[in-house]
Structures are given as C-alpha cells and as structure tokens.
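Q: Respectively, the protein sequence lines represent chains A and B. In case it helps, the working numbering puts the first sequence at residues 31 to 597. In case it helps, the working numbering puts the second sequence at residues 108 to 192.
No lab work stands behind these hints, which were simulated from the structure alone. Mixed in with the good hints there might be a few duds.
Unchecked claim - Some residues of chain A that are not near chain B, with every Cβ distance over 10 Å (derived): (1) Ser92; (2) Ala163; (3) Glu222; (4) Glu336; (5) Ser347; (6) Thr410; (7) Asn457; (8) Gly458; (9) Asp469; (10) Pro515.
Unchecked claim - Pair by pair, the computed Cβ-Cβ distance ranges are: (11) B:Asp117 - A:Val61: 35 to 41 Å; (12) A:Lys182 - B:Arg186: 36 to 42 Å; (13) A:Gly535 - B:Val190: 25 to 31 Å.
Think of the CB as a built atom: it goes at the ideal place given N, C-alpha and C, for glycine as much as any other residue.
Each chain is listed here by its residues.
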Amino acid sequence: MMSTVVTRPDPVAAVDWSNAENALGYRPGDVINIGWHCSDRICQEGRAAKTALIWEDAAGASRTYTFDDLRVHSNTIADFLAGLGVQPGERVCLFMDRIPELYFGFLGVLKMGGIAQPLFSAFGDESLMTRLANAGTTAIITQRKHVAKVRKIRAALPDLRHVIVVDAHDAPLREGETAFDLDRAPRVERFEVFPSTAETPSVLHYTSGTTGLPKGAQHVHYSLISQYLTAKVVLDLKENDIYWCNADPGWVTGTSYGIIGPWSNGTTQVVLDSGFSADRWYAFLAKHRVTVWYSAPTAIRLLMREGAAVAKHHDLSALRHLASVGEPLNAEAVIWSRETFGHPFHDTFWQTETGCIVITNLPGMPIKPGSMGKPFPGITAAVIDPKTYEPCTAPGRVGLIGLRPGWPSMIRGYWHNPDGYARKFVNGWYLCGDRASIDPDGYFWFVGRDDDVINTGGHLVGPFEIESALLEHPAVAESAAVATPDLVNMEVVKAFVALKPGITGDEDLELDIMNFVRKRLSPLAMPQAIEFVTSLPKTRSGKIVRRVLRAQEFGEPVGDISTLMDE
Amino acid sequence: MDELKKVILDYVVKEYLEEGDDRVVGADTPLITGGIVDSFSMVSLKRFLERRYEIRIPDGEATPDAFDSVDRIALLVERFRAVKA
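One chain only, chain B, in its complex shape (with noise of 0.2 Å):
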C-alpha cells in the first residue's frame, strides 16, 4: 500500500473506528455505505485531508461516492494534487 493511502486508513481507523470495532479495514473497504463514516463525519475527514495535503476540495466532489473506500478517496486526492501543482 502506498503512503498516501497508508495515512488515509491509519486516520480511518484512528479517528472513525469504532473502540471495541473489530473489522478489518482495507483500502477497499466500504466506509460510507458500511457504516464506518457517515456523511455528516465525512466532512471532518474532508477537512482532515484538505489541511494535511494543502488541497481544496470542492463540496460537489466530496460526495458518499467519491469517499466510500480509502482508494477513492486516493483517488481524489491525487487529483487535487495535480491540479494544484
């Protein structure tokens, strides 16, 4: 697993998981539709990565979709990278 994906899951489990929870995690794991982050948590995560990237993320990119799985959400973070470099 690469860096950036390796940060996304360990805040995941750190800050969303619940104490006493004991499902594995992966980076292909449902968060939004699993239960594990719901949409309103989503946007401290949202914020969680836009600070620790220095990205913004537009609202209408944050959605249940584009965070469901620390892959995607990889994904858009790379993205927002990009277009900031």
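The following block holds chain A by itself, in its conformation from the complex (with noise of 0.2 Å):
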C-alpha cells in the first residue's frame, strides 16, 4: 500500500529552502530584514535603476518606482515613524486601498522594526475596532477617505497614540492626527535599519476562525526564505517578468506575494487599484505586458462569465504563467483558460497562517485540472485521519490536510491567543482546517472545510464575528452564519434570523439587515441572503448547530441530530 504522505514533487526535487538562504547571503543568526531584502539589497545588486513598481489607478492614472524609489520612499516612511517616537515591537496598521504609500509602508514599518498590520480598507468600524485593539495597534497610516473610521473608534483605543494621514493635503485633520505628504517629505537616502533576526515578528495579519474573534497571524523575518523560494518557483519569476498579482495587501496573499515574493526576487510588479471589470483587466495585462499573473478562482470565474471573446480583443501574447490561490480552482476554470489564454491557471493552496504556497502545481509538472497538485519542496503535507491523526494510506480517503511544522514562514503563533494556537497542532501535525484526498500519483484534491468558516471569493469570514454584528441589529433576537454555494464566490453568507417579539421579517428588513452587517464589518461579511426562522436548531445546552443549516444549503446529510433541542 502506498503511502499518501508526500513530501517532493518530481520537476524541482533539488529544490530546498537552503537554496533561498544562499541566495539571499542568509546564515543563521544574521540580521534578516525583509524591508531591506526588498529594496536596498536589491539596490546594492546593481539593479537601484530597474521598474520595481508600475502603479495605475481606476481613472487611468499611472506612477512608476525603480528600487531604489521603493529604497528611499520606504526609508522615509521609517524615518518618519521612528521620528513619531513609534518604537521597534510596536504594531503599525496599514488601512489605505492600493495606493503606493501602502506598499512603501510595509517595507518601512519593518525596516523601523515595527509590526506591520494590514488591514483591508474595505472593512467597516466594528472590524477595525475588534483588530486594533486585540493588536494593541500603536499607529495607524490611512487616507482621508477612511480616516472617519478611525474617529469613531479612537477613544476605544488607548494604544492608538498616532493616525498618520498619507493624503491630508490642505483638509483639517483633528487633534492627535499627522499629516505625511510622501511627494513633499524630504527624502531619507540613509536610514539605519533596524538588526532584526529571524524570529523577530515581522507581520501581523487577521484571520478569521469558527468560534471567537479574529485571531492575529504572527509572523517573523524568517518568512522571507519561504516567499522568496516559492515566489521563484512557483510563480516562476524570472529577471525580465512583468508580474501582476491581483491580490489586496490587506490579506496575506497580498503582502506574501503582492510585496515580499515579488520584491525580494527584483521583480518588476504592476498593480492597478480598482475594482473589477474584466475589459479594463484584460487592458492592463496588455498595456503592461504582464508575463506572470497571480489571480484568483473568483476573478476567473468572473472573467469566464464576461466570455472569452471579451479577451480576444486585447493582446495577451506576453502571458508565460499563470496561478491561483483562495479557494479551490475549478477544472472548467483551468480548462478555459488553457483554451483563452493559451496557458492554464496553476492552482495553488495555502493559507494565512503558513505564510507561504504550501501545495501547488509547479510550472512544468502535469495539470490535473480540478486538483491542488502536491507539496512543494521542503513541506511534508498528508491527510491526516479525523479519528486516529494519523496519516491516511488508503489513495482517495478524505481525511484533513496536516503539514509537518517547521518550515520558515509558517506562523509562530496567534497575536494573545496561545491556547488557540496550540489547537492547531494534534500528533505532530499542523491541521490547516480544509478536508482533501490525495490521489494515487499523489496530487491532493480539495474536499471543503472542516469547520465552520465561510469561504467567499477566496476570503475566510468567521460566523462568530458576523452573529455578533447582526445581534446588535435593532431587530434580530438571534441568528446563525453559514456558507452557502454560489457559482462565482464559491461560498456567501447566508444568515439564518430569528426576529425580536412583534418584528415581520420582510425585503426591506433583510435589506437594512444587509447594509447594517456591511458598514459594520465589511462588504464580504454582509449576508447575501437572509432568510427569517422562527427557531434556530440548537442543542440540549442551547448552543446553535450551524452544521446543520449549512448542510440544508448544501443539500449534504444534516449528520447526527440526535443532540439537537426538540423544537
């Protein structure tokens, strides 16, 4: 009988972290400063003069940064913060869209030291509110457009000792919060950067689970090894690549391999802040003639909708490399874009908390569409038995995905929260919380989750933290989040609603339910159906059985209900 604990896939078997610490000059116990490996290291190179950044905006506006812009702009948002009094250790949240000061930020809080927290500008007060203050956030660098956000929560926040506004200009700002103009801030050619080594804590970002709060993802310069090996392999990027990757820095896809993979190899990088439309997407691949694009199965799924023939239109000959990560890639995803664009999409899998592609197709290996692909090198991944916790070795058993811990940017523990670290880890295994089979040839295959938390367009929303929301609704007595299938995101929310005495749930209340989860939380935690229940299914002790409502929307066995409340 085979064994399905798999460690290397055949094209790269020569490939090991060990590689990532040669090249970047790495030994143990050397300072490692992931903002200094992204621009100045890259400078010192020779290569201060290439484009490390192409920046457009939604109206067509466009900026340019060579490395050594990206070296001294992330000098100067340092030396500004240090200048502030903010001091190594401290958190500092990035909370802007994709602007350049966002990316210039991230590689200035860690060359000061700092934590750098990012958080996606799209989340509403109470999200914020629930991150800054588990975080002890000492800093927060925003925008205008977003700086009421922070007003309203600031006295709840006795750390947040500084709002820096990156876009004040001429606006008044109140008392305790700084203006930074990065065009008019004298530039920092000479900035000592902070000795980090390590295990020095790098980046904070949120994630979300089944039960509790957010918990904080913490990272160390260590990571770097992982992103930097895998940004190189798996993404394949190569000296002279235009390299696109879609995701937002308030997530970890978005700093793993929006920031540091890219960077930290000298690879030019585009970004385009704005929101999806699939011509003005398809005109930025091919005005910047992107090589390298790193998207998502929901973008894909987008794009398929609009028709191939909406691609046609533009020329995307410069296309070499293609991959996904969020949620799982669909096989008519990886077949259409084989057929649209000539190369098909590369699924990848990883999560926030290993920091780096844990499962992947590589370039060059054989797609099995629909399929994760195997382990990269360096990382020993199984499914794990839910009984036993043990790896299965039967080729097809669903079980849990397990990674052995150990690799560099896996996280080194939830921000306050040790016991809900230690949770994760049972017999030796990182249990990663998604169910998968591995196949005889070794490709894993994703099942869905193993518990409740709702993956939408490839970002992980907690139930918990959506109830608690719609419980502070005027109208809602109780209420229960789950998942429920939808062709483009994979999974939404549906909230299931028991109304207060007296209260009829009708389209203008799940309306104003709706907008009131949005602005409190985010638009990806807003239920995207809401359906009114008397009851809820709840057992004996009166705790509710989300399993249950979600299996009713995925029209799989409600399980065992032997334990439910009798109505």
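Got two chains here, each in a separate frame; can you build the complex from them with the hints?
A: Right, here's the structure in full:
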C-alpha cells in the first residue's frame, strides 16, 4: 500500500530552503530584515534603476518607481515613524487602498522594526476596532477617505497614539492626527535599518476562525526564505518578468506575493488600484505586457462569465505563466484559461498561517484540472485521519490536510492567543482546517472546510463575527451565519435570523440588515441572503448548530441530530 | 438628471460612499472600477433596485460592467421595467 505522506514533486526535487538562504546571503544568526531585502539589497546588487512598481488607478493615472525609489520611500516612511516615537515591536496598521504609500509603508514599518498590520480598507469600523484593539496597535497609516472610521473608534483604543493621513493635503485634521505627504517629505537616503533576526516579529495578519473573534497570525522576518523561494519556483519569476498579483495587501496573498515574494526576487510588478472589470483587466494585462499573473478563482470565474471574446480584443501574448489562490480552482476554469490564454491557471494552496504556498501545481508539472497539486519541496503534507490523527494510507480517502511544522514562514503564534495556536496542532501535525484526499499519483484534491468558516471569494469569514454584528441590529433576537453555495464566489454568507417579538421580516428589513452588517464589518461579511426563521437548531445546552443549516444549504446529509433540542 | 438616476445616485452616496470620502459622484462616475461599490456590495444595490422598482434582475445581467455607473444601472432598470410592463 502506498504512503500518502507526500514530500516532493518530481520536477524540482533539488529545491530546498537552503537555496533561498544561499541566494539571499543569509546564515543562521544573521540580521534578516524583509524591508531591507526587498529594496536595499536589490539596489546593492546593481538593480537600483530597475522598475520595481508600475502603479495605476481606476482613472488611468499611472506612476512608476524604481527599486531605488522603493529604498528611499520606505526609508522616508521608516524615518517618519521613528521620528514620531514609534518603537520597534509596536504594531503599525496600514489601512489604505492599493496606493503606492501602502507598499512603501509596509517595507518602511519593517525597516524601523515595527510589526506591519495590514488591514483591508473596506473593513467597517467594527472590524477595524476588533483588530486594532486585539493587537494594541499604536499607529495607523490611512487615507482621508478612511479616517472617519478610525475617528469613530479612536476613543476606545487607548494604545492608538498616532493616526497618520497620507493624503491630507490641506484638509483639516483633528488633534492627534498627523499629515504625511510622501511627495513633499524630505527624501531619506540613509536609514539605519532595524537589526531584526530570524525570529523577530514582522507581520500580523488577522484571520477568521469558527469561534471567537479573528486571530492575529504572527509572522517573523525569517518568513522571507519561504516567500522568496516559492515566488521564484512556483510563480516562476525571472529577471525580465512583469508580474501582476491581484490580491490586496490587506490579505496575506497581497503581502507574501504582492510585496515580499516579487520584490525580494527583484521582480517588476504592476498594481491596479481599481475594482473588477473584465475589459479593464485585460487592457491592463496587455498594456503592461504582463508575463506572470497570480489571480484568484472568483476573478477567473467572473472573467469566464464575461466570455472569452472579451479577451480576444486584447493582445495578451506576453502572458507565459498563470497561477491562482484563495479557494479551489475548478477544472472548468483550468480548461477555460488554457483555451483563452494558451496557458492553464496553476492552482496553489496555502493560508494566512502558512505564510507561503504549501501545496501547488508547479510550472512544468502535468496539471490535473481541479487538483491542488503536490506539496512544495520542503513541505511534508498528508491527509490525516480525523479519528486517529495518523496519515491516511489509502489513496482517495478523505481526511484533514496536515503539515509537518517547521517551514520558515509558518506562523509563530496567534497574537495574545496561545491556546488557539496550540489547538492547531495534533499528533505532530499542523491542521489547516481543510479536508482533502490524495490520489494514487500523489495529487491532492480539495474537498471542503472542516469547520464553519465561510470561504467567500477566497477570503475566510468567521460566522461568530457576523452573528455578533447581527445581534446589534435592533430587530434581531438571534442568528446563525453559514456558507451557501455560489457560482462565482464558491460560497457566500447566508444568515438565518430570528426576529424579536412583534417584528415581521420583509424585504425592506432584509436589505436593512444586509447594509447594517456591511457597514460594520465589510462587504465580504454581508449576508447575501437572509432567511427569517422562528427558531434555530440548537443543542440541548442551547448552542446553535450551524452544521445543520450549512448541510441544508449544500444539500448534504445533516448528520447526527440526536443531540439537538426538540422544537 | 431624471428622477430614476437621482434616486439611484442618492442611494449610492448614502449607502456606499464612506463618511469623509469627499469625492463628487455623478451619474457617469465609475462605481465598481472606482472602488465605491464592490462586487459583494452590488448584491445589496441590486436588492434595493428590485425592491424599489418591483423588478427582478437576473444574476447573469447583474455584472460589474452593468453596475459600473448610475447611467448604466438606470439603463438596466429601464430595460427590466419595460419587460415588466
């Protein structure tokens, strides 16, 4: 019987984490700072004048920055923060759209020894509050259009000493708010980069779980080793590539592969600060002659919906490698991309906690459409039996995806939540919270989540946070938020709501509740459907059983309901 | 601006423009590509239109392109109002 603990795909068997250490000139115990490696090191290698970033906004305004600009602008922001008195180890939140200051600020925070805490700028004030309070964030860098959300919650955040607005220009700011204009700030050519070492905290990304509030996944500077190597090997980044990662740096893909991976490789990347439009995206790909594109299944399915004919109006001949992340890439999307672009999207699997791609379809590897691929070299992955917590030995058997701990970019903990972190490990395996099977050729096949977390458009949304927001609505007595299937986003949020006595549910109330949650949390967390019910399935101890509702939505068996409370 | 566009525009400004966002939004302002309404929020905007004008917009017609400005949304609403009539 074959073993289903899989360690190495064939095409790049020689790849090892030490390759990255050697390429980056790192030896154990050395100083390692992601901000420096992504900018100063590239300049020292003679690529200072190489384009690092081509940025474009929705209106078509464009700016181009070299790696030397990246070095100086990140120095300037680091120096500004240090001048304000922000100390190494403090959390600095980046709460901006995809504007250049977001990217320079990320590196700047790391250069001054701070912990970068990027948050999605569409978050509402309640989502923001939860994450800033948990992190004890001391400074936030934001834009004028988002500062109102910070003002709403600032009084409840005693640790938040600095609110920095990058585009205040001449607009009046409030006490405790500071204007920072990168174009007018004196250029800081030399900055003493903080001498971080491998285990120095670097980035704090918040991710959702089934229970409780979102958890701060804490990464360290040594994650660079994984992010550099996986970007080079999986995304196949080469010296002359033009690379586009669609992800927003408010999420881990947008930092691991929208900042650290490409820039530590000295790769030119393009950023489009614009919402989705098939024609706009194709025009952007064509205009910049993008060669490597890292996207997401939801975006690909939206493009599919617009039809291949839209793509034919644009010259996309420069594209040579496509990859995808966020949720399972369906076989139809792989086949469609091969027909439309001449190249298949390569599915990659990873999560906030892994920090880097861990299971993947590598360039040159035969793709089985619909499969996640095989473990990246240096990653030992298995499908774990949920009863014995031993690797399943039979191919095709569905179990939990488990990873052997120890790769460089694995999180070092959840912020102020050691118990939550400890629960992720069983019998020596890190459990991702996803279910999969492995076929006889060693390919992994995604089956679904193993918990109540909702994966919508590639982003994980926790039901508890949604239910907490729903309870704040004056009409809601109790609620349950579950996933429901969606053709484009794979899953979307559906809420089952029991109303307070005397209140009747109708379409107006449904819309009001949807907007209520959207503004407090985020558009992702907004229930796209609300079903008014008289009661919710509960255990005899009164705990709402979401799995019953979820199973109904997916047309699956509801399982054992003997412990549920009788109506 | 006709009444239909005004109703849609007022709703967009009230519901989707963040407090403190001082952008001037007009009937031709890009909403989706401009980052004012995203593809998730589109669902609530579609729901509002359907409720207000007593129409049903099929999901296949509610594309980011069709919702990218008040002008385009108004065209869509007019089309489905005509179908209903």
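Q: Going through the earlier hints one by one, which of them does the structure break, listed in rising order?
A: Of the numbered hints, 4 and 11 do not hold.
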